[in-house]
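There are 2 protein chains.
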Amino acid sequence: MFKDRKAAWLKKAEALKPVLHRKTVRPVSGIPDHALTENESVVLDFGQHFVGYLTLKLASEGSHPDAPAWLSVKFCENSRELNETLEGYQGWISKSWVQQDQFHVDVLPAELSMPRRYAFRYVKINVLALSSKYRLVLTDALAETVTSADDEKILPLEGDPQDAAIDRVALRTLRSCMQDVFEDGPKRDRRLWLGDLRLQALTNSVTFRNFDLVKRCLYLFACAADQEGRLPACLFTEPRVEGDDTYMFDYSLFYIPTLQQYAEASGDRETMQDLLPIALHQLHLAERQFDPDTHLIRDMDQMGWCFVDWSLMLNKQFCAQAIWIYCAEAALRMKNVPGLARQVAERKAAARTAWYDAERHLFVSGAERQVSRASQVWAVLAGIVEGEEAAACLDAVSACPEAIGMVTPYMMHHYVEALCRIGRKDAAKQVIREYWGGMIRHGADTFWELYNPQNPNESPYGSPVVNSYCHAWSCTPAWFLRGGFPDGNA
Amino acid sequence: MFKDRKAAWLKKAEALKPVLHRKTVRPVSGIPDHALTENESVVLDFGQHFVGYLTLKLASEGSHPDAPAWLSVKFCENSRELNETLEGYQGWISKSWVQQDQFHVDVLPAELSMPRRYAFRYVKINVLALSSKYRLVLTDALAETVTSADDEKILPLEGDPQDAAIDRVALRTLRSCMQDVFEDGPKRDRRLWLGDLRLQALTNSVTFRNFDLVKRCLYLFACAADQEGRLPACLFTEPRVEGDDTYMFDYSLFYIPTLQQYAEASGDRETMQDLLPIALHQLHLAERQFDPDTHLIRDMDQMGWCFVDWSLMLNKQFCAQAIWIYCAEAALRMKNVPGLARQVAERKAAARTAWYDAERHLFVSGAERQVSRASQVWAVLAGIVEGEEAAACLDAVSACPEAIGMVTPYMMHHYVEALCRIGRKDAAKQVIREYWGGMIRHGADTFWELYNPQNPNESPYGSPVVNSYCHAWSCTPAWFLRGGFPDGNA
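Chains as they are written, first to last, in our numbering: chain F, 100 to 589; chain V, 100 to 589.
What the hints contain is simulated information worked out from the structure, not anything from laboratory work.
Keep in mind that this is a model prediction, so the values were computed, not measured.
Some clues are possibly wrong.
[Unchecked claim] To list a few chain V residues with every Cβ distance to chain F over 10 Å, as calculated:
hint : residue
1    : H163
2    : A166
3    : E183
4    : I192
5    : L229
6    : P338
7    : V436
8    : R459
9    : A466
10   : P552
[To be verified] SDA-like mimics (lysine to any residue), calculated; alpha carbons at most 25 Å apart, straight line:
hint : chain 1 : residue 1 : chain 2 : residue 2
11   : V       : K232      : F       : K116
12   : F       : K116      : V       : L207
13   : F       : K232      : V       : K232
[What the hints assert, rightly or not] Which bits of chain F does chain V cover? Going by a derived footprint, with three or more residues having C-beta under 8 Å, they are:
hint : segment
14   : 197-211
15   : 297-311
16   : 338-350
17   : 529-540
Heads up, the beta-carbon is just placed ideally off N, CA and C, and yes, glycines get one too.
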């Protein structure tokens with residue numbers, strides 16, 4: 100599918116590859132005023148989160164260095180990473196993501212320019228070995244930062260200082276993730292994910308307005324479609340553009356609202372027309388998941404078949420149905436696809452019939468009729484319930500202690516969007532102040548991949564050492580606070 | 100002293116900087132025929148000892164790599180280093196000399212070209228981390244080797260195959276140490292030492308005959324003299340030429356026979372004349388160490404004041420006197436310095452009177468009248484005893500169990516030289532076959548810095564992990580076997 104289109108799409112994507120903005124920054128503290136000896140360590144603080152390349156200027160004190168200086172250098176997005184170690188790490192995400200490297204400096208003085216890109220606010224330098232004849236002097240440290248976000252496009256948010264702080268952190272999160280593509284996180288996975296792209300593109304549309312980068316990413320995904328035209332959950336751009344072999348029901352479909360929102364915000368109808376066929380094709384591919392008699396989606400056991408939230412306990416059957424409806428409605432805003440409006444209506448009705456517990460005002464999901472916050476949120480966002488009834492669902496789940504809760508800022512975004520949708524903008528703002536504000540109260544300079552207010556050290560990976568503390572899907576407060584949420588519809 | 104000469108000397112030294120011979124070599128074994136997983140390791144064997152730069156060609160198998168590959172790479176001169184670790188290393192030489200580095204490879208396939216120069220026969224690659232989605236494929240490994248030795252200058256040694264093997268290993272030792280300067284060892288210290296230079300220059304004169312490199316090193320030492328004109332024991336060439344702040348009585352004096360032997364072997368009398376003043380100045384500086392009444396040298400407590408051998412127990416008073424005589428005689432071969440011949444005769448006689456135990460045929464040293472192999476060897480080399488009496492000294496010390504023995508191939512060289520001096524060339528050859536041949540029987544591809552036949556793992560540094568297994572001062576068997584030792588005098 101679309102095989103004959105890919106060369107042209109790739110050309111468009113590559114032509115849109117951004118020239119990164121580069122700026123040299125220095126630590127605000129941590130450069131020691133004394134020479135270092137073996138086993139000593141220092142922590143440089145760059146004051147805020149950056150993505151870039153570090154150079155250390157090193158000299159020596161004492162005799163002429165008669166042995167190499169051996170250093171370990173660890174880059175931390177968050178101060179809590181400074182004291183974490185890899186000893187005993189058994190998590191299922193590769194520990195190769197931990198940003199630590201070792202260097203031997205054979206000749207001093209030296210400019211140690213590290214070749215890899217890192218994401219960091221803090222840099223911990225540990226002197227693993229010198230000789231007894233000299234000490235190491237750190238004369239300067241400078242980072243060349245990179246981003247495709249243009250700070251000049253942004254004015255500070257006026258008004259409440261707490262909201263302004265949240266907005267600043269959200270913008271910094273998005274800025275650090277904006278590189279050659281919209282990355283999910285500049286520490287990890289440094290990769291273009293469709294679910295993240297959708298939220299980044301939303302936020303970008305009211306902040307940095309780098310529409311070329313969104314357009315580039317939409318074309319990259321089109322190039323990365325598999326043989327049957329299915330869009331992968333994420334893609335790689337190095338050494339060449341290639342889709343990952345991970346597919347998620349919801350992520351493939353989210354290409355549709357991403358394209359629709361891009362076209363609406365940028366006014367670029369040409370790209371919309373160019374990519375509409377592959378977008379609509381995702382709806383077509385989703386069909387095999389539905390039972391044509393009941394209009395209901397089939398559930399799957401496979402972990403991650405549909406993402407929704409970073410939760411292994413969550414049953415995703417209902418959410419998948421709702422997300423299909425949500426995306427089909429986005430498609431209808433781009434094109435009046437014959438029969439689609441009717442199909443949406445059928446599937447809305449079927450979902451309600453099968454899974455709405457009208458007495459409890461709760462949508463349930465799966466054979467075990469699980470109650471979750473996610474199901475109520477997606478029922479609202481898909482318009483399966485509206486008005487008073489929608490509000491009742493969200494209230495009911497708040498009062499339901501056994502309901503499966505939310506894990507990620509990504510899911511929290513959808514909760515906030517649902518609150519807006521039912522007109523509770525103050526409540527939405529309150530959630531932002533409590534949840535995203537909570538990260539700031541825990542020292543966040545950028546918003547995290549994961550945040551559980553009850554356990555800020557939680558990690559789904561086995562250890563927070565591989566957590567990403569600057570994660571794209573957490574940047575949406577800037578979208579809300581800057582009025583990105585339109586009255587009526589997202 | 101010599102301040103006004105140094106700019107010209109430095110210019111000469113830099114003009115003689117060699118263009119290194121470069122050759123690409125590949126491992127003879129160890130490239131695995133399967134893809135590697137996390138925690139797996141491989142050992143590449145390059146077949147013999149090389150100095151150079153490694154490139155690994157890496158690819159992947161399985162899904163597109165979704166996390167960096169994290170590798171540790173350890174370079175070993177000797178197979179026993181493969182299993183040594185730095186855990187618990189407490190030696191007094193910096194562990195930064197151990198040739199191990201870590202690399203994160205962010206994109207695969209990759210050519211991982213390592214920027215540092217290493218000395219190695221074996222390369223151990225350990226996969227510290229991948230992700231579960233892919234495996235690492237080592238498709239190729241190649242080393243660009245460097246040396247300033249020209250192999251085309253050398254014909255294989257004819258005759259006894261055991262001697263030919265010793266000669267080959269000696270040549271490889273010298274070849275690996277011949278870089279921008281004559282290094283003591285290409286793993287450690289990678290530096291120009293005067294004591295090593297003397298033996299390298301000797302061996303070079305009958306093998307690679309790179310006289311320009313000797314000349315360059317002689318000029319570099321002249322540039323590195325301190326304010327009073329004293330030559331340091333070693334010098335650094337990076338970031339600029341600078342003498343170490345280590346001075347040794349014997350090493351400074353050895354500049355004289357090094358210059359004399361260079362001039363004789365190369366015929367370059369111009370350089371000899373140019374550098375003769377600074378050479379003779381070392382004799383002048385040594386004067387303060389002598390008692391003008393007794394003509395005897397004063398002993399010192401300070402460790403390393405005079406090197407002689409890598410032994411903390413050895414008393415060096417007698418050897419220092421003998422080495423002064425040896426070097427003064429080399430000076431006299433270059434110039435008839437007024438009064439010097441008489442001084443040499445006085446100091447020979449005084450040494451004999453003070454320290455020769457005629458009954459036991461043994462020279463003693465220091466207040467405690469210590470007997471050592473080194474004292475007898477230097478008595479012979481300085482001509483303090485000659486003929487039958489000299490032979491009797493060497494025999495007597497062999498029969499003296501409490502005599503302090505020899506530790507290094509450097510001291511063993513002088514013992515072999517002493518045996519030749521008294522006409523026992525067969526015995527000299529026997530020592531070479533037993534001692535240097537013993538290293539080969541322990542798997543040496545190059546001769547080691549240290550070798551104790553009773554304990555091949557011995558290290559003066561606290562652990563063999565920092566030992567150098569390719570050390571310049573061990574290369575002299577090629578000098579003996581190729582007839583470098585002249586009948587009568589060295």
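Handout entry: Index of numbered hints that the structure contradicts, given in increasing order
Key = 1, 2, 4, 5, 6, 11, 13, 15 and 17
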